[in-house]
Every structure is written in structure tokens, then in C-alpha cells.
Amino acid sequence: MRKSPQDISTQELFETAQSRRYHLTQHGTTHGSLSLLSLPSESLTHITSFLDPISLLFLGRTSKRFYDHVKDDNTWHRAFVCQVLDIGPEKDLHGLRSLTLRRSESSWKKEFISRYNLRRRWLRSRTPTITHVPHYASISRIHVLPDDALLSSSIQYGIVARSFPFTGKIMKGYLDTTGMRHGLGLGNPNAEFTPDVTVCVLASEGSTANIIWGRRDGSVSVMFHPRTMSGTRATARLHTSTVEDEHVGAVQDAVWVGDGAACLTAGADGRIKIWSTRRFGCVWTSERVTGQPVDPCLKVVESLSNGMLVAGTKRGSLLIYHGFDFSVLHTPGASQGTVHSLTITPPPFPSGSVDTGNRGVTTLYLDVRSPTSASILVGYEDDPLFYRYTVDLEASRVAVTAFGDPAAGVNNCMQPAFSFDADETGYIVAGDQLGSISIYDWEATPLTDHPVPPTRRVDVFADAAIAAVAVNTSVIAVGSSRGTIRVVDAVTFDALRSFAAPVHNSVSQIVLKRDTLIGSVGSRVIAWKAGAVDSKGGYPYKTKGKAKTEGDRKWRKQIEFMRDIEESRDDTKKEAQFIRQAFGREREQLSQLEALGLSEREAVEYVLMLSRDEEGRNHEGQSSDTPFGRPEEEGVFDVDVDEGNTSSSSRTYASLSPSPPSLSPPSRPSTSPPVSVAGSYPRSWASVSPPTSHIKVQVSPRFYPEPIQAGGLSTSPLNLDAVRPVAIERDGPQFPPIVSSGSVTPLWKASSSQSSGGGSPGSRNAWKAPLRTPPSTSPPALRSSGASSRATIPQYRSETTSDSHRAGADWEREAVQISEVEDEDLRFALELSLAEAKSREEKVFGF
Amino acid sequence: MPTIVSVDDSTVPGEGSSRLLLLVSSDNKHIVVEEDIMSRSRFISKQVEGFEATSQRHAILLPFSSFVLNKVIEYCSHYRGYYLLEDDPDAAPPGRSPVREWDQEFLDVDRNMLLRIIKAAHYLEIKSLVGSCARAIADMIRGKTTEEMREILGVENDFTPEEEHSPSSKCTG
Numbered sequence: 001m002r003k004s005p006q007d008i009s010t011q012e013l014f015e016t017a018q019s020r021r022y023h024l025t026q027h028g029t030t031h032g033s034l035s036l037l038s039l040p041s042e043s044l045t046h047i048t049s050f051l052d053p054i055s056l057l058f059l060g061r062t063s064k065r066f067y068d069h070v071k072d073d074n075t076w077h078r079a080f081v082c083q084v085l086d087i088g089p090e091k092d093l094h095g096l097r098s099l100t101l102r103r104s105e106s107s108w109k110k111e112f113i114s115r116y117n118l119r120r121r122w123l124r125s126r127t128p129t130i131t132h133v134p135h136y137a138s139i140s141r142i143h144v145l146p147d148d149a150l151l152s153s154s155i156q157y158g159i160v161a162r163s164f165p166f167t168g169k170i171m172k173g174y175l176d177t178t179g180m181r182h183g184l185g186l187g188n189p190n191a192e193f194t195p196d197v198t199v200c201v202l203a204s205e206g207s208t209a210n211i212i213w214g215r216r217d218g219s220v221s222v223m224f225h226p227r228t229m230s231g232t233r234a235t236a237r238l239h240t241s242t243v244e245d246e247h248v249g250a251v252q253d254a255v256w257v258g259d260g261a262a263c264l265t266a267g268a269d270g271r272i273k274i275w276s277t278r279r280f281g282c283v284w285t286s287e288r289v290t291g292q293p294v295d296p297c298l299k300v301v302e303s304l305s306n307g308m309l310v311a312g313t314k315r316g317s318l319l320i321y322h323g324f325d326f327s328v329l330h331t332p333g334a335s336q337g338t339v340h341s342l343t344i345t346p347p348p349f350p351s352g353s354v355d356t357g358n359r360g361v362t363t364l365y366l367d368v369r370s371p372t373s374a375s376i377l378v379g380y381e382d383d384p385l386f387y388r389y390t391v392d393l394e395a396s397r398v399a400v401t402a403f404g405d406p407a408a409g410v411n412n413c414m415q416p417a418f419s420f421d422a423d424e425t426g427y428i429v430a431g432d433q434l435g436s437i438s439i440y441d442w443e444a445t446p447l448t449d450h451p452v453p454p455t456r457r458v459d460v461f462a463d464a465a466i467a468a469v470a471v472n473t474s475v476i477a478v479g480s481s482r483g484t485i486r487v488v489d490a491v492t493f494d495a496l497r498s499f500a501a502p503v504h505n506s507v508s509q510i511v512l513k514r515d516t517l518i519g520s521v522g523s524r525v526i527a528w529k530a531g532a533v534d535s536k537g538g539y540p541y542k543t544k545g546k547a548k549t550e551g552d553r554k555w556r557k558q559i560e561f562m563r564d565i566e567e568s569r570d571d572t573k574k575e576a577q578f579i580r581q582a583f584g585r586e587r588e589q590l591s592q593l594e595a596l597g598l599s600e601r602e603a604v605e606y607v608l609m610l611s612r613d614e615e616g617r618n619h620e621g622q623s624s625d626t627p628f629g630r631p632e633e634e635g636v637f638d639v640d641v642d643e644g645n646t647s648s649s650s651r652t653y654a655s656l657s658p659s660p661p662s663l664s665p666p667s668r669p670s671t672s673p674p675v676s677v678a679g680s681y682p683r684s685w686a687s688v689s690p691p692t693s694h695i696k697v698q699v700s701p702r703f704y705p706e707p708i709q710a711g712g713l714s715t716s717p718l719n720l721d722a723v724r725p726v727a728i729e730r731d732g733p734q735f736p737p738i739v740s741s742g743s744v745t746p747l748w749k750a751s752s753s754q755s756s757g758g759g760s761p762g763s764r765n766a767w768k769a770p771l772r773t774p775p776s777t778s779p780p781a782l783r784s785s786g787a788s789s790r791a792t793i794p795q796y797r798s799e800t801t802s803d804s805h806r807a808g809a810d811w812e813r814e815a816v817q818i819s820e821v822e823d824e825d826l827r828f829a830l831e832l833s834l835a836e837a838k839s840r841e842e843k844v845f846g847f
Numbered sequence: 001m002p003t004i005v006s007v008d009d010s011t012v013p014g015e016g017s018s019r020l021l022l023l024v025s026s027d028n029k030h031i032v033v034e035e036d037i038m039s040r041s042r043f044i045s046k047q048v049e050g051f052e053a054t055s056q057r058h059a060i061l062l063p064f065s066s067f068v069l070n071k072v073i074e075y076c077s078h079y080r081g082y083y084l085l086e087d088d089p090d091a092a093p094p095g096r097s098p099v100r101e102w103d104q105e106f107l108d109v110d111r112n113m114l115l116r117i118i119k120a121a122h123y124l125e126i127k128s129l130v131g132s133c134a135r136a137i138a139d140m141i142r143g144k145t146t147e148e149m150r151e152i153l154g155v156e157n158d159f160t161p162e163e164e165h166s167p168s169s170k171c172t173g
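Protein sequences, first through last, are from chains A and B.
If you use UniProt numbering, the first sequence corresponds to residues 1 to 847, in order.
If you use UniProt numbering, the second sequence corresponds to residues 1 to 173, in order.
Don't take every hint at face value.
What the hints assert, rightly or not - When the alpha-carbon atoms are kept at most 25 Å apart in a straight line, the in silico DSS-like pairs for lysine-lysine are as follows:
#1 169/A / 529/A
#2 71/A / 144/B
#3 557/A / 573/A
#4 110/A / 144/B
#5 557/A / 110/A
#6 169/A / 513/A
#7 64/A / 144/B
#8 513/A / 529/A
#9 529/A / 557/A
Derived by calculation from the structure, the hints in this document are not laboratory data.
Only chain A is shown next, with the shape it has when bound in the complex (with noise of 0.2 Å):
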């Protein structure tokens, strides 16, 4: 060894070491077994920070050292704060992450124990979810009674029913307040209700059933049914107010007070009673406000405990009455001293959302720290804020705080957890329309004029709006509005179950226990309990995720399944009603065309005409020689549109267009049954119709090849006879607006030069261009059912009325211009066949 200055240091350095408890020895081996003991007594705790509490007991049983390290609550606090609570096992517990956990045993290590035992069977416990219908109304209110019995109720029959949620048993009869036999009805909610009841409150009081009744008139009821779920012996106590008791409008909210000794209603007309149920009647109505109009209670809560009691009107005012007496409100007579009353207007709306008008109260809490302060949470429609008011009841004083994040909608539902303790803080889960619950800090001060945001968000269902919220020790329960519930944990916001919804219908209400769920969706209610899990070699956990995966993959692709098809169905309504948005107006357009017999095209194609027909017209004023000297004018001049089947619009026609045969593409079902002649003229056929006002002589040529086989004769037999005139005059290769693309026959090919293969570009005949129907599309379609042909058929029309000789005359000087057209053969034929149909008319119509 070299000796050297730096001796004194390196001597230093092995003290060091020394003082750490290392040995060099020790160390300096990299044989030999080591072990876990020899680490220092923080790495340990760091080490067991990560173990769960079954690894922890084993572990303490391992040895001395480990017994003493694992008997430590600082170990078990170390690995709850990392495990649960997520924190770092080096860091403190931090005020934002312990917000929703609330303490219910008196350790860390059995707190731990207990909450991962729960957590465990909420995860993986494998007991059915039981549903079962206890009445055929939507269920309004459910509670809970020991034993796991449950009374839920329906407003819109009045009953109350009885049933066991986890046997599914159902208690025969129901609750009502008419007639004596309470609950020895038949069952049939036809038979036994209750009309006109807009509240119905229950409570139990031990095997007790203790309801409150409100109706419409503002009559009050409370009904104690003793022994309620032991069969139909018992009679219920129905205690029903007196008319001068009651309130003038309809009850809108009721609360019990205490164990029943009292209770609070709320009514239309805006006051609010107490009653005794002792000697039932009413011992104390809040005055209403003088000189303004009545603004109905909605909501009422209380703490009369602490001689306090508040309501929510209407248009948003809390009316806050304090400086009861609880002790004289059993007895009817005695006075009531002197109530304080104090009434806060609501807040301004928020900017940034849309102002309704609506402000009334919808969610009321109550959180007394002592007889005089209290806060107040309060929620209003439509409101995406919600607000704490902070009231000292000596000064008069009211703090107001908002909470809520604007963007994200109008918050469905609150449930508050207020504190009990001094170390716990209260929270507020609130849930909103995007399918995500909010922690909110019900004990922040706001810094900034700003409402307080979330101190925690967390989606729950990507579908739907939340429904339902709540809240126990360990777990926050969340129905959804297409009735699926999910459970998180409280403290970690894991997802640890969902129920499939029974019905696609809204959750109304969920209530937890510590491991019960009981939840009411539509007119069913399903009732889970967590069983004990099943351990399989005493480490459950050695396949946790695997089991947990396999456990409800099948279930869960079924749920997905629906989840789907239900979105796809939303998504399909939601596109309907934008269709229907965007589309209205054209399909406006178009029913108001299909009323004037035209369609779209035709439409289009009669204001081109009429555009066309002028600018010819202009044409022909300009160069009177040769008024036809393009073909697309000459064709369109042809085509006009029956407007209708008036004699007016005939005479309009006639005064508009000068020109010769018109070409009418509507013709009106109602009147012009047409005839298909084919004999001769494989693509064309004739149209005759007899008009009830005018008689005319329709003949239509089609602009697609006929399917109906040279020789076959497919014409209808009321009209044959008018036809055929008609048609054995067409008899040359003179019609040149009937040829079609494509496929034209040799015959026309043949004899007219002019209109061989009438698609041709080059092709000179402008009748066919604006109403050319591909031949594919659908003659035969055309054929079947004449009446619909009219879209697509021109129509010569004639007339025997003395418009028609007017007409004619313009025909006979537009024919001598139409001579001297390059395809005048053409016309001349046609001007011949109409000359023919209208020397026959007499004889068509004349039957």
C-alpha cells in the first residue's frame, strides 16, 4: 500500500462507507448469496412500497426483520400512497391526489387491506347482475331498505312497489293512498294508483316504510307502512293533509326530516310547509313575497337540525329561512319564534354560453358547518357552471363561488360528497353531456374571478351523456343515458365494472353500498352484489389480468355489439334529419314541380326552351330567310311544355311560341292514357289522349328504341283505333326526332341520310337533343305503365277548338318555313301526319 497524502480522505471515504453499514467485505464479494436484509431499511420500504398487501403479510412472515418492517403502518401507508393514491414512495401525500379518498379504517395497513379486498371484488367478482320489473311504469325514485329490500316508485301510477332487487322477488300489491288496502291490492297498477301525484319521497325508518305523497291539488300525504316487506298483514298509517293546510299549486319536492318525525314540502305556489307527522299537520308556512308573482319552489333542502332550511324557486332565487326550532316542531300548536329569511337572486349567466331564460334550480345541497354558515351547491338549467354559496347567517353575508368548466356543457347531474371530517375534503362529481365525470375541490377559493376549474376529469363513456351519478367510500358509480352503469374506483378512477343496460333508456338512479349496486333504468332495476372472489391457490391476482380479460370478453363484445348498432343508429337518425335539413327545400322544388307535372330535367329543359324560343325568335326577326339556320334552335323551338291541361295555358302556348307542332314533354297522366303502336315503327309510338276539356290529339314519338319486337302490336285498346291513323300515316323514313342512339333500325338508317345514327354529332336534328333518353334506362318501365312515360314524351298536340284552327294556320306558315330547312322531307312528313291526326280527329274523339 502507498502511502499518501490522501490517505486522510481515503480514510474519510471508508468511514463513510463504514457509517452507511456497508462492509467492504461484503461488498467486495460477487460470490455468495446475498440478501434482502442487508439492504438498508429505506430501500426497503421502497422495495415493499410496490407489494400488494398479500405479497406484504407473506412477507412479514418470512422473518424477524421482515416481521418487524411489515408491522410498521409506515410500510403500509408507503405502499398505499404509491399503490392507491399513486404517488411516488419517496413523496408526500399530496393534497390534489387525496382528494376523493375518504378513510374509513382506523389504520393504514387494514384501510389498505379493505380497499384492495374491495376493489378485488368489484374488479373480478363473478355474481350475475339480477333485474328484475317491479312495476311497468318508469321507475321514479328507488330506496333501500336493510335486508336489501327495495321500494321503488313510479309518479306517473302513484304506487310504491316492494321487491327483493337480488332475488327478484316482488311483493304482491303496491303502495297507493287510495282506498284502505294498502298493499293488498291485486298488483295491477290499472287497478290500484294513484292519480295526480307529483311527488313521492321515500324513507325508511327500520323495516318501515315511511312515504311522502304530493299531488297536483297541493294535498300532502305520509304513509308509514310497518313491517313493509313482510307480507300483506300490515296496514299502513295514511295521514292526509286538510284543505286549509294544503298548498295552492302542485307539490313540487318533499323531504323527510330526521327519522320521520317531520318533513318538508315545496309547492307551486312558492312556500314551503313543515309538517309534523306526529299529529299530522302543518306547523309552519314560509310567507310568501307580497307584491310579485308567484314563483314556484322546485327544489328544498334542509338542516332544520340546525334550524335551517333552503329552496329553489323557479326563476333561481334560494330562499334560505334559518332560526328554527327543532324541538316544537312535533307539537302542531306551538310557535314557530322568529324565522329569518334571506333570499339570493342568481348569479348573471355566464358569458360564452347561450342564455335560455331558463334559471330554474335544478340540483340544491346542503353542507352546514354549523348553525350559522353554511354552504349551499347549487345547479341551474341550463347553466354549465354550478355555485357554492358560502352564507353567514349572523352577518347576512353570501360568497359566491362558481365551479364548472364552460366548455364542457351543461353538467346532467351532481353528487356532492361533503366532508365529515377536518382532514377530508369535500368534492363534487359532477357529470356532463360528454359522457365525463369532474372532480371539483368543494373547498377551493378561487384565485381568479374564473370558475373553478376540475381538479380531475375522466371520461366514462364515449357514447352517451351521463345520467346517473353516485358516490360511496370506495367507488363512484355512473349511469350513462342508454342505461349502461360503470363503476370506477374513488381514488384511482379505474374502471373496475360496467353493466350492460337492461333497457336503452335513461339511468334514473343508482344506489351504492358498499358492495351492492342497486340502479333503476326505464321500468327495471338491476342489482349487483360482489361476491367473494374466488382465489385460486390463495394468489388470486398470479392471472389477474388475463382472468379479468377472459371473464367478459364475451359479454363485452355483446355490449360493444349493441353499443354500436345503437350509435350507427344515431348516427344514421342524426344524417336523416341533416338530409332532410339540406334536401327539404329542393324536394320542396320538386314537389311543386311533380304538382306542375314536370320533372327537373324537363323543367330545366322548358326554361331553355324558353330562352332559346327568344333568342330564335330574335334569330327570325333578324334574318327572316332562313329562321331555323341552326339545328339546336330549330329542335328546341319544338319542345314545349303542357303546363297543364287548361285551355288558358293552350292559349298562352299558342301566343308565346308561334312554332308548328309542339313537342310537349309532359303530358298529364291523368288524361293521355298512351298508346304504343309498333307495328311498323319499332321505336316509336303515339300518344292519343282525350283531354276533359279540350280534345286533342296527342302524339307522342319516343326518343328510345321500343323493346316491344318489330311486328307485335302493344298498344292499349281504348285508344288503338285513334292511333293507327296516325301511324299507318308515318309510314316513310320521315321522322327524323325518333331516332335514338345506338339503335336505330336499318329502316331508318336506310331512308333517311339526315338522321342515320341519330347520336351522331354531326347529326342536324335538334329534336332529339334536349330530350334524348338513353335508351338503357327504362323503357320497359315506360311501356308498363303509360301514364309515367310522360317525362320523357313529346307530344304533337291539335286541337278542334277554334284554337286549334288558329294554330293550325300558324302551322301551316311555320310548315312553309320549316320547307326550307335542309331536312324539309322530314318535316313535311310530320306536317303530314299531324294533318292526317288532325283530319281524323273528329273520328278519334268523336266516340
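Since the structure of chain A is provided, determine the placement of chain B on it from the hints.
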């Protein structure tokens, strides 16, 4: 006894940006590392501060073998220049972050080695490494029976039979 070597800045080769440290392991191996690699270790940082006060640099003698030391240096050089949340005493509590993949591979060693590394990490005050090792050890013993744990941890049963069967140490879960 390990050799003590004085390391002077001028005698150390390498860039001027990062000074070198001489670490001496318990099996008398001399390992030269750049200072900023080891800055993750608060123990070494403190030592270096001490050197600066006396303006004399010494070798840092470490009470574990070069095998372990190399492993620790490997860890430190992998995370050289990285910020690790666990090392920050002021940081907010970390979320339930998964074990880093590299750490998992790095700590895929036998139990003795793991225990040595955690001891070394504890000695060197490298919090992130202690945390990773603690997790690895916890993973090893989680879900094991008492006997299996004894075997894994190298612990002998020092209970008397009466103590062992006392209800106080019974598993209530």
C-alpha cells in the same frame, strides 16, 4: 486495499468540457468516467463539490465491486443528459408510469446482482435506479408464498415455531 490515485486535471486526457473521475471499486479496479455521466449520483456530486473546495481531486473509493460499478455506470451513461422525474426531489408525484423498457432489460439479472445494484444505487444516491430496482425486486417476490420469498430473498426463518403460528402474522387478506 485499493490503490489511491490522485487525479489531477492536467494529467487527465480528454476534452476539457467534461472532467474525468476516477472511481475505484472494492476489488481495486480503477475506472475512469466522465464527470457528467455520474452527475446523476448525488453522492458523487457531493464528493466533486468537496474536491472543488480543496482544489484537489481524488479518486472516489466505492464499496462495491467493479462488476456492479460497471453496471451502474452503464445505467448512468444510458441516461446521460436525460431528465428523470424520479431524480427530481421537487417534481410532482409521478403518475403510474410503466417501467421503462430499457430498465427492464437492464435489470434482467439474477437476484444477487439486483440486490447489489440497489445497494450501490442507494449508496450513490441514484433515486431513479433505486426505484427501478425496487420495482424489479417487488415484481420478483409478488405473489410468492412465504417459503418462496425466503428463497428468493435469501432470508432465513428466524421465527420460533410458536411465533410462526401466532395469529398476528396471519394473512387476513
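- Which numbered conditions among the earlier hints are violated in the structure presented, ordered from lowest to highest? 5
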